[in-house]
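Undergrad: Chains as they are written, first to last, in the numbering used here: chain A, 1 to 124; chain B, 1 to 167.
The set of hints was computed from the structure by calculation and includes no laboratory data.
What you are looking at is a predicted structure, and each value in this text was computed from that prediction instead of being measured.
Any given hint might turn out to be false.
Unchecked claim - DSBU-like mimics (lysine-lysine), calculated; alpha carbons at most 30 Å apart, straight line: (1) A:K25 with B:K96; (2) A:K38 with B:K96; (3) A:K87 with B:K60; (4) B:K96 with A:K107; (5) B:K60 with A:K38; (6) A:K107 with B:K60; (7) A:K107 with A:K87; (8) A:K107 with A:K25.
Chain by chain, the residues run as shown.
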Amino acid sequence: MIVGEPIVVESLEVRLVNADRLALKGSISTPTALAELKRLFALAHELAVTTRVTQFTVDVRQLGFVNSSSIRAFVDWISRAAHSGYKLAFTTNPAVTWHRLSFSVLKTLAPDSVEIVEQGDGPS
Amino acid sequence: MIPPSGSPAEHTVRIARRHSAVEDARRVAELATRECSAECREAVSLAVCELSENVLKYGKESGSDPDAGTISVTVDDDAIRIRAINQVGSVEDARKVFDLVSRISVQGGDIRDLYRSRLLELFSNPTLERAQLGLMRTVFEGGFRLSCYVRGAELEIVAERACRIDA
């Protein structure tokens, strides 16, 4: 991943905004997009561990739709972050149902390792 | 096919075994719910995606039919019904789905607790092969009620919820 350079797979766009911030946009409903999401989450985790950040921000405000396998990818990243000692801060849009409902449950998996920041619409 | 006047319109899509199958089903759902509220459209999109994925994962080829199954979306005046039908590979698969739907659909049961329990299992056991979150999300996030029917080797899952038509 190169800072500022978006990676686009089908209807999913992922951008490393800086060394501790990832922005996701679009939707995930195919195996190809899911595989890319998992790969990029793994890379972001490596980056967080290598650079020893205390917090890594994931902006999902413009991620409109994900399938359940993608929820699993979020669970796996939270698990890795919890074991590696850094916090994942998810910036969500409370107007999107799955953001509001699923992230509130995801936070309960590792309350000390997950932060939810509700901000409404994200950057275009 | 145009339904008789006054009856609810049913849109059916065959779930072909191809990369775009889920997206194809979502497009049909969008067409079927184009006059519904944004909240309904979002819920139907989720349910159709999850049910289509299940049909693709568990649907078994039947005779000369190469497709995995069908998804139907029916919009009535004040309700939406989605039906997913597929052939199952084993009685065991059908029983697992039936049991899961029964657990999710228990009157007074807390779907958020069930969903959290499953996420916690996945969190604690990253090697678990199947996430099995789709039907729970359909209820928890989509607000649907589920029912399940097994007829021989055919499995039918029905998801229903109230619907609001945009003025």
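Undergrad: Mind checking the alpha carbons of A:K25 and B:K96 for me, to see if they're no more than 30 Å apart?
TA: The hint is violated at about 35 Å.
Undergrad: For the pair supplied as a hint, A:K107 and A:K87, is the alpha-carbon distance within the 30 Å limit?
TA: 11 Å, holds
Undergrad: Below or equal to 30 Å on CA atoms is what counts here, so check A:K38 against B:K96.
TA: With a Cα-Cα distance of about 27 Å, the restraint between A:K38 and B:K96 holds, given a limit of 30 Å.
Undergrad: Does B:K60 sit within 30 Å of A:K87, going by the straight-line distance between their CA atoms?
TA: Roughly 43 Å separates the two Cα atoms, so the pair is violated.
Undergrad: Going straight from one Cα to the other, do A:K107 and B:K60 come out at no more than 30 Å?
TA: Given that 30 Å is the threshold and the Cα spacing comes to 37 Å, the pair is violated.
Undergrad: Quick one, are B:K96 and A:K107 close enough, alpha carbons at most 30 Å?
TA: Holds: B:K96 and A:K107 sit about 28 Å apart, inside 30 Å.
Undergrad: Starting from B:K60, check that the Cα of A:K38 is at most 30 Å away, please.
TA: Status holds; Cα separation ~28 Å.
Undergrad: Are the Cα positions of A:K107 and A:K25 separated by 30 Å at most?
TA: The hint holds at about 21 Å.
Consistency note: the structure conflicts with the earlier hints numbered 1, 3, 6.
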